[in-house]
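**Student:** As a plain string of letters, each chain reads:
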Amino acid sequence: MIRHRLLLLTLAALVLIPELIDWWLFSDHHWSAPFLVWALLILITAAIEWRQRHHEL
Amino acid sequence: MNFDLSTLLLLGCGYLLLLFGAAWLTERKRLPDRLIHHPLVHVLALGVFASAWTFYGIFGVAHQSGYLYLVSYLGASAAFLLAPLILIPILRITRRHQLSSLADLFAFRFRSGRVGTLTTLLMLFTSLPLISIQIQALADSLPMLNPQISSNQAAIGFCAVIALFTILFGARHASLRNSHNGLIFAIATESLVKLLALLIIAGYALFAVLDGPSGLIDWLSEHPEQLQQLRQPPVDHWQVLLLAFFACAFVMPHMFHVAFTENLPTESLYRASWGLPLFLLLLALAVPPILWAAIKSNAIDNPEYLVIQLGQTLQLPWLSLLAFIGGLSAASGIIIVATVALASMLQNHVVLPLVKVPDNVRFYAWLLWVRRLIILAVMLGSYLFFHFIGHRFALNQLGLLAFIAFLQFLPGVLVTLYWPAASRNGFLAGVGAGFTVWALGLLLPMMGALETGMDPARPAEHGYQIALVSLLANSLVLVTVSLLFPGRREERQAAEACLLNALPRPSDQGIQVQSDADFVNRLMPRLGENTAVREVRRALHELQLPVGRLSPLDSLRLRAQLEQNLSGLLGPVEAAALLQPLDTPASSGGFKARNVHLLEQQLEAYDQRLSGLAAELDQLRRYHRATLQRLPIGVCTLDAEQRILFWNAELEAYTGLTSDSTLGVLLDQLPKPWSELLERFAATDALHQSAECIELEGAQRWFSLHKARLDDTPAQGVVLLIEEETQHQLMARKLAHSERLASIGRFAAGVAHEIGNPVTGIACLAQNLKLETEQPEVLETGDQIVDQTRRINRIVQSLIRFAHTGRQEGPGHLEPLNLFSCIEEAIHLVTLDRHGRQQHFVNNVDQKLLIQGDLQLLLQVFVNLLNNASDASPAESDILIDSEVNEHSSRILITDEGCGIPEEHLEQLFEPFFTTKEPGKGTGLGLPLVYNIITQHYGSIEIVSPANKKQNKGTRVIITLPRLQGSASAEQPEADGEGLSG
Numbered sequence: 001m002i003r004h005r006l007l008l009l010t011l012a013a014l015v016l017i018p019e020l021i022d023w024w025l026f027s028d029h030h031w032s033a034p035f036l037v038w039a040l041l042i043l044i045t046a047a048i049e050w051r052q053r054h055h056e057l
Numbered sequence: 001m002n003f004d005l006s007t008l009l010l011l012g013c014g015y016l017l018l019l020f021g022a023a024w025l026t027e028r029k030r031l032p033d034r035l036i037h038h039p040l041v042h043v044l045a046l047g048v049f050a051s052a053w054t055f056y057g058i059f060g061v062a063h064q065s066g067y068l069y070l071v072s073y074l075g076a077s078a079a080f081l082l083a084p085l086i087l088i089p090i091l092r093i094t095r096r097h098q099l100s101s102l103a104d105l106f107a108f109r110f111r112s113g114r115v116g117t118l119t120t121l122l123m124l125f126t127s128l129p130l131i132s133i134q135i136q137a138l139a140d141s142l143p144m145l146n147p148q149i150s151s152n153q154a155a156i157g158f159c160a161v162i163a164l165f166t167i168l169f170g171a172r173h174a175s176l177r178n179s180h181n182g183l184i185f186a187i188a189t190e191s192l193v194k195l196l197a198l199l200i201i202a203g204y205a206l207f208a209v210l211d212g213p214s215g216l217i218d219w220l221s222e223h224p225e226q227l228q229q230l231r232q233p234p235v236d237h238w239q240v241l242l243l244a245f246f247a248c249a250f251v252m253p254h255m256f257h258v259a260f261t262e263n264l265p266t267e268s269l270y271r272a273s274w275g276l277p278l279f280l281l282l283l284a285l286a287v288p289p290i291l292w293a294a295i296k297s298n299a300i301d302n303p304e305y306l307v308i309q310l311g312q313t314l315q316l317p318w319l320s321l322l323a324f325i326g327g328l329s330a331a332s333g334i335i336i337v338a339t340v341a342l343a344s345m346l347q348n349h350v351v352l353p354l355v356k357v358p359d360n361v362r363f364y365a366w367l368l369w370v371r372r373l374i375i376l377a378v379m380l381g382s383y384l385f386f387h388f389i390g391h392r393f394a395l396n397q398l399g400l401l402a403f404i405a406f407l408q409f410l411p412g413v414l415v416t417l418y419w420p421a422a423s424r425n426g427f428l429a430g431v432g433a434g435f436t437v438w439a440l441g442l443l444l445p446m447m448g449a450l451e452t453g454m455d456p457a458r459p460a461e462h463g464y465q466i467a468l469v470s471l472l473a474n475s476l477v478l479v480t481v482s483l484l485f486p487g488r489r490e491e492r493q494a495a496e497a498c499l500l501n502a503l504p505r506p507s508d509q510g511i512q513v514q515s516d517a518d519f520v521n522r523l524m525p526r527l528g529e530n531t532a533v534r535e536v537r538r539a540l541h542e543l544q545l546p547v548g549r550l551s552p553l554d555s556l557r558l559r560a561q562l563e564q565n566l567s568g569l570l571g572p573v574e575a576a577a578l579l580q581p582l583d584t585p586a587s588s589g590g591f592k593a594r595n596v597h598l599l600e601q602q603l604e605a606y607d608q609r610l611s612g613l614a615a616e617l618d619q620l621r622r623y624h625r626a627t628l629q630r631l632p633i634g635v636c637t638l639d640a641e642q643r644i645l646f647w648n649a650e651l652e653a654y655t656g657l658t659s660d661s662t663l664g665v666l667l668d669q670l671p672k673p674w675s676e677l678l679e680r681f682a683a684t685d686a687l688h689q690s691a692e693c694i695e696l697e698g699a700q701r702w703f704s705l706h707k708a709r710l711d712d713t714p715a716q717g718v719v720l721l722i723e724e725e726t727q728h729q730l731m732a733r734k735l736a737h738s739e740r741l742a743s744i745g746r747f748a749a750g751v752a753h754e755i756g757n758p759v760t761g762i763a764c765l766a767q768n769l770k771l772e773t774e775q776p777e778v779l780e781t782g783d784q785i786v787d788q789t790r791r792i793n794r795i796v797q798s799l800i801r802f803a804h805t806g807r808q809e810g811p812g813h814l815e816p817l818n819l820f821s822c823i824e825e826a827i828h829l830v831t832l833d834r835h836g837r838q839q840h841f842v843n844n845v846d847q848k849l850l851i852q853g854d855l856q857l858l859l860q861v862f863v864n865l866l867n868n869a870s871d872a873s874p875a876e877s878d879i880l881i882d883s884e885v886n887e888h889s890s891r892i893l894i895t896d897e898g899c900g901i902p903e904e905h906l907e908q909l910f911e912p913f914f915t916t917k918e919p920g921k922g923t924g925l926g927l928p929l930v931y932n933i934i935t936q937h938y939g940s941i942e943i944v945s946p947a948n949k950k951q952n953k954g955t956r957v958i959i960t961l962p963r964l965q966g967s968a969s970a971e972q973p974e975a976d977g978e979g980l981s982g
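Those protein sequence lines, which keep their order, are chains A and B. Read the first sequence against full-length UniProt numbering and you will find it ends at 57, with the numbers running on by one and no gaps. Read the second sequence against full-length UniProt numbering and you will find it ends at 982, with the numbers running on by one and no gaps.
Don't take every hint at face value.
Said to hold, decoys possible - Now the in silico label distances, taken between C-beta atoms and shown as ranges:
#, chain 1, residue 1, chain 2, residue 2, range
1, B, L696, A, W50, 40 to 48 Å
2, A, E19, B, Q619, 44 to 52 Å
3, B, D583, A, F35, 50 to 58 Å
4, A, D22, B, N302, 26 to 34 Å
5, A, F35, B, L620, 44 to 52 Å
6, B, D583, A, E19, 16 to 24 Å
7, A, W50, B, K29, 27 to 35 Å
8, B, V357, A, I44, 23 to 31 Å
9, B, A377, A, E19, 43 to 51 Å
10, A, E19, B, L620, 43 to 51 Å
11, A, E19, B, L613, 32 to 40 Å
12, B, N302, A, D28, 48 to 56 Å
13, A, I44, B, L164, 14 to 22 Å
14, B, Q619, A, I44, 47 to 55 Å
Please keep in mind that the hints were generated in silico from the structure rather than gathered at the bench. Idealized CB from N, CA, C, for every residue including glycine.
Model the full assembly from the supplied sequences, consistent with the hints where possible.
**Tutor:** So this is what it looks like as structure tokens:
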């Protein structure tokens, strides 16, 4: 149920809050800012995956 | 700057040969397994997402729309970052039900061949532009390096080589679910090559063309319009493109194939949840430096191919060739995998439903050749699309067309995972609506068949709106039609099987098969005899079931396994249709025996995925189940039809019937005598039945039965408790026997007492004869009569003494007694046995040895032990009674030459009722009494067998008793003339 809601929230964020992505990609940040945010998301996912794998082991 | 044709051919063919070599070495297992199955290889194989569009066309998007180019990478990254929500559930469904494509998934979910066929045709129609882009990328890039090469020639040559590779390494197994390790390794190599190529070019652009990071900062400060262009506000509704790439990450046939069909481990998909986004981030990061370097170098004539043009402009042949190889990698990878995936979909959903397998062909080989022909047809179709249509459009135009079309499958995937109420009609109507909007709004205007005012050169602005409208139309129609026309029963069952964290409910269908031969007969007309036998044997082996007759439950399990396996071979619709005639209609009873068992099996396999309350309930279920399973009493539950639902471990031990062989079986189908015993009891109204005797393996066993009705449960059955009473019954019988013996003993003592008086009278009369006659013969006769009456008297006295033994209150009066005399008396009693003892009893006990004890009890001890020794000894053998004395104790050793006592019996000798004698000859109470009496005398008893270890025979009983202190002063007790002391 939690995953279900998370998915719906994510999709809603993608579709219904386009300003969020507009702000992320097209605001007047440093040109590398979108890449840094993206890298941060990857880092968080990798940390979650690593923790889950070691927790399961 | 032009390149020789030979150089280009050498390079292109050399690279493709490298791929062939990598795939060949992998298939031949020449590469280490650790490398082939490394998660990094799997992650790189998923990098097939980065096609020629991502390698070449993306620069056109970046130049034209700035950061909008990131959308393709971000959409796919989002899908993988959220892998546990969509990718992992799809992987589990496809693996559990052996589904090999998106068409299989939809056909399984909506239980419809039409859904599978429609999905396949739409997927083919949508993939042609995508494959065409790849062909076009190569056909356009080669003439840039050598103008003498025509686009058409390059396209034909490229298609031919790729088709050969695909047939060789993409169609190696008849089953679609088998892994193509060679193919996956080659695709991973390609992904690595294109990543390295782009990073090297980006590195050169940054450090050589833009003079490093500081030079880039200076250049950007001098050209602020470049940054401004990068951040230019996009047109409205561009976000829907993000959703399109999100969907493409798992909907596109090549992505679905690599992620779900190639049997990658789940662990690899979890690693890919961050590995692929990282791969895409590196690719995306390379774009701005290359773009700016091209702008600075004025190599921007054709932005889509600026990565090649940069090398040409800078007069750097290696840079151009590197870009060419990178593009070749990106283009070839996607064509190969997409073709394999489309071929499997077309085989399952278009060819097999239409074509009957010819007789007298090897089915697996026939299937492989069909797939190879489909691969060739798809390649030909892609080339024709490129030749007649594709080359008229830019890469990003065709890309946009294809990606928005793939978006139409997203609602179907989401409802498959999250909305069980979605119906087949809803899906068909939704997809129909979405594709209609797409075709009318985007496809036909692009082809010039419909005038909508769209600028064909700039389709994006219009495309985003069409994408949004088509997606909304698709979703709304799907939901509305599903609510208006709900799905059938089997559709709902399949929906539940696809739901996240949901268990498929066992089917209420029955099955009309008796043995595996019935399955073979069913499959034979479609698959041929050999293939049918092979598939059935394979399924039996996977379930570890024996060949031959099957229980109802095993038949259902075999049917489910066969359907899964055939689904990997023929697709889910064909597999289900093939086995459906074996099913019998569902009966009215809702809750079935097999349901319980199948549900249990599924829960066993599913437990690690349960969480929260479901996990706790499962723990509770396991606890109750373990309690019932391990009860030291047989438990069996029956449903209303008297089918067995539960059969616990104790009952397995009683009956020798395993739980697997009994579950789902009717009570009267159990082997005798269990069927009679349980069925008779289940049919009566009595709730208890004590000590029913049945004969098992020649021995009588007693069972008490109890039952309780389960009227308030879904099963509406009964629970039977079966308790073994055999030990109690045997003990009760032995006690009764002992009681009888005791009665006889008391009776004998009474008789002996009564005999004493007439014998005394006879003795008196005989003695009177001496006074009445002097005839020597009469006197001698009188003496003999007196002797015989004394003998009778001695026997009677011995009997009376022996009858007085067995007092349970312990030795009442301990007195000094001569052990030698006691044993003599015991020997005398033993020899009175009416059977006659033929052994020689040798009393070697020290004649002066005194102990403190109760004569009657010790007599009973020695009589018992000597009787046992005599029973075990051959005739004419010696039974020795010896003694050993030390300061504080005396040891009496009784040694025979008998057969000895088996080692496994030694520990049980002193247990009541344990006997090795024939029934009726031993009560099993002798040695326990001996043990009790000896312990009451503060002594101990030990039995050693074999006594003679060399000859491995004989038994020695060693009794240790406290020695009478100061026995030297003890006087010899007065004898009664018959050698008895005490």
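**Student:** Now tell me if each hint is right for this structure.
**Tutor:** Now for the hints, and whether the structure bears them out:
| no. | hint | verdict |
| --- | --- | --- |
| 1 | L696/B <-> W50/A: 40 to 48 Å | 58 Å, violated |
| 2 | E19/A <-> Q619/B: 44 to 52 Å | 46 Å, holds |
| 3 | D583/B <-> F35/A: 50 to 58 Å | 57 Å, holds |
| 4 | D22/A <-> N302/B: 26 to 34 Å | 30 Å, holds |
| 5 | F35/A <-> L620/B: 44 to 52 Å | 50 Å, holds |
| 6 | D583/B <-> E19/A: 16 to 24 Å | 55 Å, violated |
| 7 | W50/A <-> K29/B: 27 to 35 Å | 31 Å, holds |
| 8 | V357/B <-> I44/A: 23 to 31 Å | 52 Å, violated |
| 9 | A377/B <-> E19/A: 43 to 51 Å | 47 Å, holds |
| 10 | E19/A <-> L620/B: 43 to 51 Å | 48 Å, holds |
| 11 | E19/A <-> L613/B: 32 to 40 Å | 38 Å, holds |
| 12 | N302/B <-> D28/A: 48 to 56 Å | 31 Å, violated |
| 13 | I44/A <-> L164/B: 14 to 22 Å | 44 Å, violated |
| 14 | Q619/B <-> I44/A: 47 to 55 Å | 31 Å, violated |
In the structure shown, a violation is registered for the earlier hints numbered 1, 6, 8, 12, 13, 14, in ascending order.
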